[in-house]
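J.: Take a look at the letters that make up each chain.
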Amino acid sequence: MQYIGESLIYGEIGKGLIALSFVAALLSVIGYLNATFQKQTSHPWQLLGRASFAVHGISIFGIFALLIYIIFNHYFEYYYVWFHSSTDMPQQYIFACIWEGQEGSFLLWTFWHVILSLVIIFCSRDWEAPVMSVIMMVQVFLCSMFLGIYIGDFHVGSNPFILLREHPEMFDKPFVQSATYLEGIIKQGGRGLNPLLQNYWMTIHPPTLFLGFAATVIPFAFALSGLITGRVKEWIKPALPYTYFGIMILGTGILMGAAWAYEALSFGGFWAWDPVENASLIPWITLVAAGHVMIITHRTSRALPSSLFLSIITFLLILYSTFLTRSGILGETSVHAFTDLGMSGQLILYMAFFTLLGIGFFIYYRKSIYNKLPEEDILSREFWIFIGVLALSISAIQIIITTSIPVFNKITGLKYAPPVDVIDHYNKWQTPIAAIICLLIAVGQHFKWTHNDAKYLFKKLWLPFLISAIVAAIYQWQIQLPRIQHTLLLFCALFAVAANIDFLITTLKGRIKFGGASIAHVGIGLILIGALVSNAARKTISENRLKVNLGKDFPNTENIMLLKNDTLRMDKYYVSYTGKEKIDKNIFYNIDYFTLEGSKGGFIKKFSLKPFVQLNERMGNVAEPATKHYWNKDIYTFVQYAEIDKDKNNGNDEYNKPTDIKLQKGDTFTTSNSLMILEDIFSQKNEDNNLIIKAQFRAIDINNKEYTLSPEYKIIGMNAYSDDKELKELGLRVSFTGVLPKENKLEFKVAEKKSNSREFIIMKAMIFPHINILWLGCLFMVIGSWVAIIQRIKLNKRITPNHNNHDHKHDKAAPAELIETPAPANI
Amino acid sequence: MKKLYIIGILIIAVSVAFIVNLITNVSTYATFETATNHPGKEYHVIGKVNFNKPLEYDPHANANIFGFYMNDTLGVEKKVLLNKAKPQDFEKSEQVVLIGKMKDDQFIASEILMKCPSKYNNTKELVKQ
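Each protein sequence line maps, in turn, to chains A and B. Using our numbering, the first residue of the first sequence is number 3, and each one after it goes up by one. Using our numbering, the first residue of the second sequence is number 279, and each one after it goes up by one.
Some hints could be false.
[As the list claims (entries may be wrong)] Heads up, simulated BS3-like pairs for lysine-lysine below, C-alpha to C-alpha not over 30 Å straight-line:
#  : chain 1 : residue 1 : chain 2 : residue 2
1  : B       : K319      : B       : K357
2  : A       : K751      : B       : K319
3  : A       : K582      : B       : K393
4  : B       : K370      : A       : K612
5  : A       : K541      : B       : K331
6  : B       : K393      : A       : K412
7  : A       : K659      : B       : K370
8  : B       : K370      : A       : K412
9  : A       : K515      : A       : K796
10 : B       : K370      : A       : K584
11 : B       : K357      : A       : K630
12 : A       : K755      : B       : K319
13 : A       : K799      : A       : K751
14 : A       : K417      : B       : K319
15 : A       : K707      : A       : K635
16 : A       : K667      : A       : K751
17 : B       : K319      : A       : K430
18 : A       : K755      : A       : K584
19 : B       : K319      : A       : K756
20 : A       : K751      : A       : K730
21 : B       : K381      : A       : K587
22 : A       : K755      : B       : K331
23 : A       : K635      : A       : K607
24 : B       : K393      : A       : K664
25 : B       : K381      : B       : K331
26 : A       : K189      : B       : K331
27 : A       : K755      : A       : K730
28 : B       : K393      : A       : K175
29 : A       : K566      : B       : K381
30 : B       : K357      : A       : K659
31 : A       : K412      : B       : K319
32 : A       : K587      : B       : K326
[What the hints assert, rightly or not] Okay, the calculated bits of chain A under chain B, using three or more residues with CB under 8 Å as the criterion:
#  : stretch
33 : 390-403
34 : 412-421
35 : 561-572
Read the hints as simulated data drawn from the structure, not as lab findings. Cβ atoms here follow ideal geometry from the backbone N, Cα and C, with glycine treated the same way.
With the hints as constraints, model all of the structure from the sequences given.
T.: Have a look at this one:
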């Protein structure tokens with residue numbers, strides 16, 4: 003059949019480019035691998051490696067450009083375009099469409115590898131061949147993730163250029179039979195990017211995170227190259243700037259994810275130890291450990307096995323992280339959900355391959371990597387950095403073990419679930435580890451390499467110690483952290499910040515370019531202070547003040563009900579829900595915050611927050627928070643529950659359960675929309691001689707309009723009958739149900755229509771104190787890492803690339819304290 | 279080499295401590311029956327909400343209690359009292375994971391994780407002609 007209107011050419015080019023990128027990567031591996039074992043640098047094998055890399059790189063750029071092109075022009079005949087984009091979607095989210103899908107994510111990852119490879123090729127001289135062969139090997143595997151071919155029944159990759167009508171989910175649908183199907187599809191305008199992901203975080207978070215992921219391949223590749231080429235220690239120096247870069251970018255990516263969760267999702271915080279969050283945190287921790295132990299090896303030749311192992315394991319953990327998030331194995335433990343394209347098998351295969359390669363090399367070359375140096379001095383910098391690396395590793399191990407429970411279940415068939423209070427489980431272990439790390443951050447830089455004098459250290463550290471102890475005490479008094487380990491971590495983190503600032507001022511004399519590490523460490527200290535204080539001293543202020551105590555089984559009273567236009571007290575604020583407004587897909591709930599000022603008790607409006615609920619057809623309705631930022635705290639609110647469906651069936655004609663009410667003549671009572679007055683009572687006899695008592699009500703609605711209503715009470719013989727009267731305008735029904743002579747009162751039942759009940763929302767509000775310290779810390783970490791990278795690159799450039807004669811003269815520019823004593827002579 | 283051994287032993291010791299601690303802390307995916315047999319102990323129970331029975335949420339009385347009926351994976355039905363506000367779009371959930379304990383033949387849940395079908399596989403939506 004000839005289908006009308008399809009532009010098949012783009013798909014053909016796209017598929018061709020994907021195949022080309024795959025084959026070129028393979029050729030590049032062959033070329034570079036052979037070149038690795040040649041003496042001369044511009045050997046034909048190396049040229050083959052380079053040329054194939056060029057083809058590969060251009061293909062990846064081409065695939066990327068083509069995907070953007072077909073998404074931009076809405077070629078819905080392609081499944082990927084139809085699935086991830088739509089005509090009514092704002093154009094700035096085109097990139098987000100690309101990486102919403104798994105194929106696009108892998109493409110993004112390969113894209114960053116290409117960019118980083120360019121840097122390697124131009125800067126790494128004799129390291130190019132071995133390093134590039136490893137990177138291109140990884141690239142072969144990543145490209146196969148979007149290859150989309152079948153080998154027998156085994157599905158290799160998922161191709162983003164597959165046609166809608168050929169997609170496995172679609173090919174048997176009736177529309178495929180119609181030659182003009184595309185017309186209908188175009189009219190529908192595509193399924194589109196999930197509205198929840200239509201925000202700027204989706205544009206910046208995935209690329210940053212994937213650049214971080216991509217950066218981890220470089221220390222891995224250098225470590226393996228060092229082993230292959232017998233330069234077991236020399237690989238560290240060229241790998242260091244990339245490792246710092248990875249620490250910086252991956253750390254930023256993770257914190258961006260945290261900021262996204264905090265700002266735009268109603269998880270109630272920025273970090274929840276969710277398996278998906280942990281999956282990227284673990285390799286970051288090991289990368290930080292790798293970066294630090296590499297400095298030890300570089301400076302003192304010690305701890306080489308740790309440098310190699312941590313560089314290798316970090317990349318393997320990135321693969322493991324990809325497996326965790328892409329295989330659907332976390333389904334029951336994570337609030338995040340990533341689609342499973344049925345390629346878990348392929349991912350396991352890659353993990354197995356690179357684990358065997360990495361760990362295999364490590365074991366195979368084990369003899370060449372152990373050196374017999376004398377034990378280091380306990381007062382040396384390397385010793386304490388190593389303890390820090392150990393603490394980081396232990397922290398990572400604890401997170402890995404707990405996060406891997408679903409994997410463990412899958413393998414063994416058991417049914418373990420994460421601890422009931424999983425956040426507490428992590429915090430319990432991670433808080434003391436973080437405190438130890440902070441102490442090491444504080445003292446580490448003040449140690450000199452190889453040997454130190456204890457007196458010197460004391461002289462350097464007593465002042466920051468004192469300052470941080472005082473600040474911690476004041477802080478504790480002000481915000482009252484609930485547990486002793488919190489206070490301890492607070493002090494240690496403050497000490498880390500103070501000692502590093504002190505180092506910058508007194509030791510480096512403000513020479514910022516040598517202070518990258520100190521600045522980054524200040525950043526880490528601030529991040530921990532911000533995370534600790536905002537979490538541990540977090541206060542839920544939307545407490546339910548109803549005096550219904552449900553006992554210890556129901557401790558949660560964190561949500562408050564706000565009736566429209568009522569004003570309720572919440573912490574020091576008085577809040578009032580004033581109405582809602584629907585804009586596009588979102589319903590905004592306007593909540594005014596007042597404070598009571600002065601003795602006269604006047605309400606002053608301070609601010610309004612508009613948390614909203616997104617009507618998301620894809621995922622159900624999603625509550626998104628609104629936050630008021632102050633310099634020292636955030637007031638964070640979101641709508642837990644609102645009667646959204648009620649708007650759909652406005653003609654809700656049912657009555658609520660009636661309430662009993664006893665009245666005398668002249669009494670008044672209120673309903674949700676009116677004031678009712680029992681004006682008169684009179685009795686009469688009808689023609690059958692039955693007694694009829696009539697109660698006459700006057701109802702006044704909010705617009706001062708008046709109505710009357712007269713329910714009756716009939717006595718026929720020995721029986722009494724009550725006669726309902728309905729007031730349709732006010733949705734009110736009153737029945738006269740009895741006479742109470744003793745009390746001199748009449749009894750009525752009053753029912754209101756369900757549609758009468760006043761609108762309300764259930765809201766949660768929290769105060770996150772000092773959360774800005776966290777974001778400030780992130781900024782410091784990035785700046786510090788950047789300074790360190792620049793300085794490292796400068797140092798690397800200064801010496802000749804003669805790796806057999808490792809030379810430390812380049813460090814002369816550093817201040818006296820930084821100059822290392824020469825490393826032991828057996829290099 | 280001596281230091282290496284110490285480090286190795288330390289890491290192994292700490293890892294064992296983690297695992298032991300985890301084993302004493304882990305919960306299990308269980309059924310209502312197991313939870314009934316161990317009252318007071320907290321479990322993860324997976325199941326499907328019975329939408330034929332009433333969902334009880336009266337925020338005027340208490341905004342933090344939500345009651346419903348759930349069938350666990352073996353089909354056993356129990357009343358669940360969730361100590362939270364009613365989740366948005368609860369009606370759309372296909373499968374839920376509850377964390378809580380059994381008390382007086384009711385399951386008292388402190389946490390809920392909802393899985394909507396759409397989160398996983400969206401291709402079930404048909405392309406309309």
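J.: Next step is simple, just say for each hint if it's right about the structure.
T.: Do the hints match the structure? See the list:
1. Between K319 (chain B) and K357 (chain B) the alpha-carbon distance is near 17 Å, which keeps this suggested pair within the 30 Å criterion.
2. Annotation: proposed proximity of K751 (chain A) to K319 (chain B) is violated, straight-line Cα distance about 46 Å (limit 30 Å).
3. For the given pair, K582 (chain A) sits about 28 Å from K393 (chain B) by alpha-carbon distance, which is consistent with the 30 Å threshold.
4. Between K370 (chain B) and K612 (chain A), the direct Cα distance comes to roughly 25 Å. Compliance with the 30 Å bound is thereby established for this hinted pair.
5. Distance restraint check for K541 (chain A) and K331 (chain B): the Cα-Cα separation of roughly 36 Å exceeds the 30 Å cut-off, and the hinted pair is therefore not satisfied.
6. Under the criterion of a C-alpha separation no larger than 30 Å, the hint pairing K393 (chain B) with K412 (chain A) is consistent with the structure, at around 19 Å.
7. Of the supplied pair hints, the one linking K659 (chain A) and K370 (chain B) holds, its CA atoms being roughly 28 Å apart against a limit of 30 Å.
8. Pair hint K370 (chain B) plus K412 (chain A) holds up; C-alpha atoms about 28 Å apart against a cutoff of 30 Å.
9. Between K515 (chain A) and K796 (chain A), the direct Cα distance comes to roughly 11 Å. Compliance with the 30 Å bound is thereby established for this hinted pair.
10. For a cut-off of 30 Å, the pair hint linking K370 (chain B) to K584 (chain A) stands: about 22 Å separates their Cα positions.
11. For a cut-off of 30 Å, the pair hint linking K357 (chain B) to K630 (chain A) is broken: about 39 Å separates their Cα positions.
12. Between K755 (chain A) and K319 (chain B) the alpha-carbon distance is near 44 Å, which puts this suggested pair outside the 30 Å criterion.
13. With a CA separation close to 90 Å, the supplied pair K799 (chain A) and K751 (chain A) exceeds the 30 Å bound.
14. At roughly 16 Å between alpha-carbon atoms, K417 (chain A) and K319 (chain B) fall within 30 Å of each other, so this suggested pair holds.
15. Distance restraint check for K707 (chain A) and K635 (chain A): the Cα-Cα separation of roughly 47 Å exceeds the 30 Å cut-off, and the hinted pair is therefore not satisfied.
16. Proximity of K667 (chain A) to K751 (chain A) is assessed by CA-CA distance (about 16 Å); at most 30 Å being required, the pair is judged to hold.
17. This hinted pair checks out: K319 (chain B) and K430 (chain A) have alpha carbons roughly 21 Å apart, not beyond 30 Å.
18. Under the criterion of a C-alpha separation no larger than 30 Å, the hint pairing K755 (chain A) with K584 (chain A) is consistent with the structure, at around 25 Å.
19. Restraint check: the Cα-Cα separation between K319 (chain B) and K756 (chain A) comes to about 40 Å, which exceeds 30 Å; the hinted pair is violated.
20. With a CA separation close to 16 Å, the supplied pair K751 (chain A) and K730 (chain A) stays within the 30 Å bound.
21. Taking the CA atoms of K381 (chain B) and K587 (chain A), the gap is near 41 Å; set against the 30 Å cutoff, the hint is violated.
22. Under the criterion of a C-alpha separation no larger than 30 Å, the hint pairing K755 (chain A) with K331 (chain B) is consistent with the structure, at around 23 Å.
23. Proximity of K635 (chain A) to K607 (chain A) is assessed by CA-CA distance (about 19 Å); at most 30 Å being required, the pair is judged to hold.
24. Distance check on the hinted pair: K393 (chain B) and K664 (chain A) sit about 49 Å apart at the alpha-carbon level, beyond 30 Å; violated.
25. Among the hinted pairs, K381 (chain B) with K331 (chain B) is consistent with the structure: their alpha-carbon atoms are about 20 Å apart, no more than 30 Å.
26. At most 30 Å may separate the alpha-carbon atoms for a hinted pair to count; K189 (chain A) and K331 (chain B) exceed this at roughly 40 Å.
27. At most 30 Å may separate the alpha-carbon atoms for a hinted pair to count; K755 (chain A) and K730 (chain A) meet this at roughly 9 Å.
28. Restraint check: the Cα-Cα separation between K393 (chain B) and K175 (chain A) comes to about 27 Å, which is no more than 30 Å; the hinted pair holds.
29. A threshold of 30 Å between alpha carbons decides the hint, and for K566 (chain A) with K381 (chain B) the separation of about 36 Å lies outside it, so the pair is violated.
30. Restraint check for K357 (chain B) and K659 (chain A): satisfied, since their Cα atoms lie roughly 23 Å apart, inside the 30 Å limit.
31. A hinted pair counts as satisfied when its Cα atoms are at most 30 Å apart, and K412 (chain A) with K319 (chain B) qualifies at roughly 24 Å.
32. At most 30 Å may separate the alpha-carbon atoms for a hinted pair to count; K587 (chain A) and K326 (chain B) meet this at roughly 29 Å.
33. Counting residues of the stretch 390-403 of chain A whose CB lies closer than 8 Å to any CB of chain B gives 6, so the stated coverage by that chain holds, three being the minimum.
34. Here's how the stretch 412-421 of chain A fares: 5 of its residues keep a CB closer than 8 Å to some CB of chain B, so the rule of at least three is met and the hint holds.
35. Look at the stretch 561-572 of chain A against chain B: 3 of its residues bring a Cβ nearer than 8 Å to a Cβ of that chain, three or more, so the hint holds.
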